[in-house]
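Peer 1: Here are the chains, one letter per residue:
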Amino acid sequence: MRKSRFPAIYLAVITALTFVPIVVTIIYSFNASKITSVWGGFSLSWYKELFRDRDLFRALKNSLILGFAACLISAVIGTLGAVGVKRTGWKINDFISYISRLPIMIPEIILGMVYLAVFSFMGFKFGMLTLIIAHTSFCIPYIFMMVSDRLIGMDPQIEEAARDLGANARQVFFDITLPSITPAILSGLLLSFAMSFDDVVISVFVTGSTVNTLPIKIYTRMKTGVTPEINALAAIMIAVTMIILFLNRLYQRKHD
Amino acid sequence: MADNIHLSLKGIRKSFKSGEVLKGIDLDIAQGEFITLLGASGCGKTTTIRIIAGLDMPDEGRVILDGADITDLPPEKRNVNTIFQNYALFPHMNVADNISYGLKIRKVSKAERRAKAEEMLRLVRLEGRGDRKVSELSGGQKQRVAIARALINEPKVLLLDEPLGALDLKLRRQMQLELKRMQKQLGITFIYITHDQEEAINMSDRIAVMHKGLFEQIGTPDEIYYRPKTSYVANFVGNANIIRENGKTYAVRSENVVILEKEAAVHFEGAGPGITESAQEAESVPETAVPAQKLTIKDGSEYDAKVLEKSFAGGQLRIEFELKDGQHVVASRSGLNSVLTAGQMTRIGWRAEHAVEVIDDGI
Chain A
1 MRKSRFPAIY
11 LAVITALTFV
21 PIVVTIIYSF
31 NASKITSVWG
41 GFSLSWYKEL
51 FRDRDLFRAL
61 KNSLILGFAA
71 CLISAVIGTL
81 GAVGVKRTGW
91 KINDFISYIS
101 RLPIMIPEII
111 LGMVYLAVFS
121 FMGFKFGMLT
131 LIIAHTSFCI
141 PYIFMMVSDR
151 LIGMDPQIEE
161 AARDLGANAR
171 QVFFDITLPS
181 ITPAILSGLL
191 LSFAMSFDDV
201 VISVFVTGST
211 VNTLPIKIYT
221 RMKTGVTPEI
231 NALAAIMIAV
241 TMIILFLNRL
251 YQRKHD
Chain B
1001 MADNIHLSLK
1011 GIRKSFKSGE
1021 VLKGIDLDIA
1031 QGEFITLLGA
1041 SGCGKTTTIR
1051 IIAGLDMPDE
1061 GRVILDGADI
1071 TDLPPEKRNV
1081 NTIFQNYALF
1091 PHMNVADNIS
1101 YGLKIRKVSK
1111 AERRAKAEEM
1121 LRLVRLEGRG
1131 DRKVSELSGG
1141 QKQRVAIARA
1151 LINEPKVLLL
1161 DEPLGALDLK
1171 LRRQMQLELK
1181 RMQKQLGITF
1191 IYITHDQEEA
1201 INMSDRIAVM
1211 HKGLFEQIGT
1221 PDEIYYRPKT
1231 SYVANFVGNA
1241 NIIRENGKTY
1251 AVRSENVVIL
1261 EKEAAVHFEG
1271 AGPGITESAQ
1281 EAESVPETAV
1291 PAQKLTIKDG
1301 SEYDAKVLEK
1311 SFAGGQLRIE
1321 FELKDGQHVV
1331 ASRSGLNSVL
1341 TAGQMTRIGW
1351 RAEHAVEVID
1361 DGI
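For the protein sequence lines, the chains are A and B, in the order given. Using the numbering used here, read the first sequence as starting at 1 and increasing by one per residue. Using the numbering used here, read the second sequence as starting at 1001 and increasing by one per residue.
Take the hints with a grain of salt, since some may be wrong.
[Said to hold, decoys possible] Computed footprint of chain B on chain A; a stretch qualifies when at least three of its residues, placed anywhere within it, have a C-beta under 8 Å from a C-beta of chain B:
#, region
1, 158-167
2, 172-181
[Stated by the list, open to error] DSS-like, lysine-lysine: derived pairs with alpha carbons at most 30 Å apart:
#, chain 1, residue 1, chain 2, residue 2
3, A, Lys48, A, Lys61
4, B, Lys1104, B, Lys1116
5, B, Lys1017, A, Lys86
6, B, Lys1170, B, Lys1180
7, B, Lys1156, B, Lys1107
8, B, Lys1077, B, Lys1156
9, A, Lys254, B, Lys1110
10, B, Lys1324, B, Lys1248
11, B, Lys1023, A, Lys91
12, B, Lys1077, B, Lys1133
13, B, Lys1116, B, Lys1133
14, B, Lys1110, B, Lys1156
15, B, Lys1156, B, Lys1104
16, B, Lys1133, A, Lys86
17, B, Lys1104, A, Lys254
18, A, Lys86, B, Lys1077
19, A, Lys34, A, Lys223
20, B, Lys1133, B, Lys1104
21, B, Lys1017, A, Lys91
22, B, Lys1184, B, Lys1010
23, B, Lys1110, B, Lys1133
24, B, Lys1229, B, Lys1298
25, B, Lys1107, B, Lys1077
26, B, Lys1133, A, Lys254
27, B, Lys1077, B, Lys1017
28, B, Lys1077, B, Lys1010
29, A, Lys86, B, Lys1104
No lab work stands behind these hints, which were simulated from the structure alone. Positions of the beta carbon are idealized from the N, C-alpha and C atoms, including for glycine.
Work out the full structure, taking the sequences as your base and the hints as a guide.
Peer 2: Here it is in structure tokens:
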């Protein structure tokens, strides 16, 4: 029987769709020409320009602060939520699990409107605080899901064994439970940071006029046409993302 | 025994959603005793030790340790440790950290912890393996680490939940001997769970046979094996035939069932005084070098029986018969030598002393 060619074709199509645009973007970030569609020779000038762009760097700083704050706060809340749902065994817990995952399903544009309405109603000043609250709330589901899945896969007897050996509930959590779910928390952190760093739609709704995040800034600039400077920024961000994913993979290998 | 009762269970009842698991059990255990809870899965033996450990709370009844009521104490406040069925080692700690975890909780100094862990590693014959990862250990080694981790706390009672269930037969035999050695050496009370009657008989001072949330019989291995009180115990522990006759129920172990006719004259354990050989029936066993026997039992019972099937299991030949009234009887003996064939009619019997009258609980 002949081997089907289908898997190979499938793989080629997927690869092309995913990687060709990325590679093109990276190549054109070194384009000397100012017109994106014309190749004018190799140049680092767009990178130089990018690093001189104060405005863009302020936006990057905002995005980093927002990303770290949102993913750290959501890690604490999401982890405690997942552990709580596992521990208490209440009837309502299935429902809590369900609504904890809901923000992933709801369209972002709707979430953005909801946050806008709530913050207006509560009289919040739009800016970094509202951004952090909104981002935290859509990051919690990722942590919650990752940690919940890990807890389900965890041998329940190891916690009982620790209690049997004399550990109280707090010691069991810090000595046994937390080390077991740490890989899940870290994966959740990475994912939520990526989600926060990438978000435009919700941020546009909840940010004030003075605070710009990097994605909002890029989006705004794109309205006036793609500049090669943005290509350079994209290339750097792709590189950073790949490094983070690579480190995550190394870490998980070490722990399996 | 009343003067050195160490651990007492008094009227313990426990129900889960699936139903009542313990239906009011009482048990007194002496200091330093090796007692086994023997029963099929689902009989309530694991729930019993979880209640002793404090991992489950009884609905009714008390647990008394050295005269103190510990029923309401959480597991970490009881001087009782458990060996779990799947070992439950901490995967993120190495062997030495696993073993000394109980000492760390009690804030014992690091140097002392290390010294004690070494001592325990010697006890369970894992010297120099303290730095190993748990995932690098074999099943038998994991078992030893679990034992060391429990014993380092010097518990008054050690609870063992089918600790050898996951090991192969050879390793299981070896670990049985080692557990027994450690128990004698340390003088700790062991409460051991198994569904394997051989293991129970080999290791225990006393056996408590559990069935459907109650103790059917508590006694020494000898008593349980030779003088079963109920048909369940006779069948579960001794693999005995349960014979119902004239409104009474008897247990007859298969090695005591003697084939009286048409079988090769091989030694049967059940034979002996009272069973005599008479004239041989040569024509019934053609083409065999071994002469056929014809025996009679002076004080016992004899039955006409049809051979149903022969099988070989556990180093023994088992021959299943059907009596005229439809009851099935199994005879067993060592060796393969048998000239009987399925469908043949013969006579079987047993001496009166081998038929133990038991309470019939329908098994």
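Peer 1: Holds or violated: are the alpha carbons of B:Lys1229 and B:Lys1298 at most 30 Å from each other?
Peer 2: OK: B:Lys1229 and B:Lys1298 at ~26 Å, within 30 Å.
Peer 1: Decide if the proposed pair is consistent with the structure: B:Lys1156 and B:Lys1107, CA atoms, cutoff 30 Å inclusive.
Peer 2: Given pair B:Lys1156, B:Lys1107 holds - Cα atoms ~20 Å apart, limit 30 Å.
Peer 1: A:Lys48 and A:Lys61: Cα distance at most 30 Å?
Peer 2: holds (18 Å)
Peer 1: Regarding the pair B:Lys1077 and B:Lys1133, is the alpha-carbon distance no greater than 30 Å?
Peer 2: Cα-Cα ~29 Å, so holds.
Peer 1: Mind checking the alpha carbons of B:Lys1133 and A:Lys86 for me, to see if they're no more than 30 Å apart?
Peer 2: holds (28 Å)
Peer 1: Is B:Lys1104 within 30 Å of B:Lys1116, Cα to Cα?
Peer 2: holds (11 Å)
Peer 1: Given the hint that B:Lys1104 pairs with A:Lys254, test it: the Cα-Cα distance must not exceed 30 Å.
Peer 2: Given that 30 Å is the threshold and the Cα spacing comes to 26 Å, the pair holds.
Peer 1: Are the Cα atoms of B:Lys1017 and A:Lys86 separated by 30 Å or less?
Peer 2: holds (19 Å)
Peer 1: Does B:Lys1156 lie within 30 Å of B:Lys1077 when you go C-alpha to C-alpha?
Peer 2: holds (12 Å)
Peer 1: Can you confirm whether the C-alpha distance between A:Lys34 and A:Lys223 stays at or below 30 Å?
Peer 2: holds (17 Å)
Peer 1: For the pair supplied as a hint, B:Lys1017 and A:Lys91, confirm whether the alpha-carbon distance does not exceed 30 Å.
Peer 2: The hint holds at about 14 Å.
Peer 1: Are B:Lys1133 and A:Lys254 close enough, with their CA atoms no more than 30 Å apart?
Peer 2: holds (13 Å)
When each numbered hint is compared with the structure, no violation occurs for any of them.
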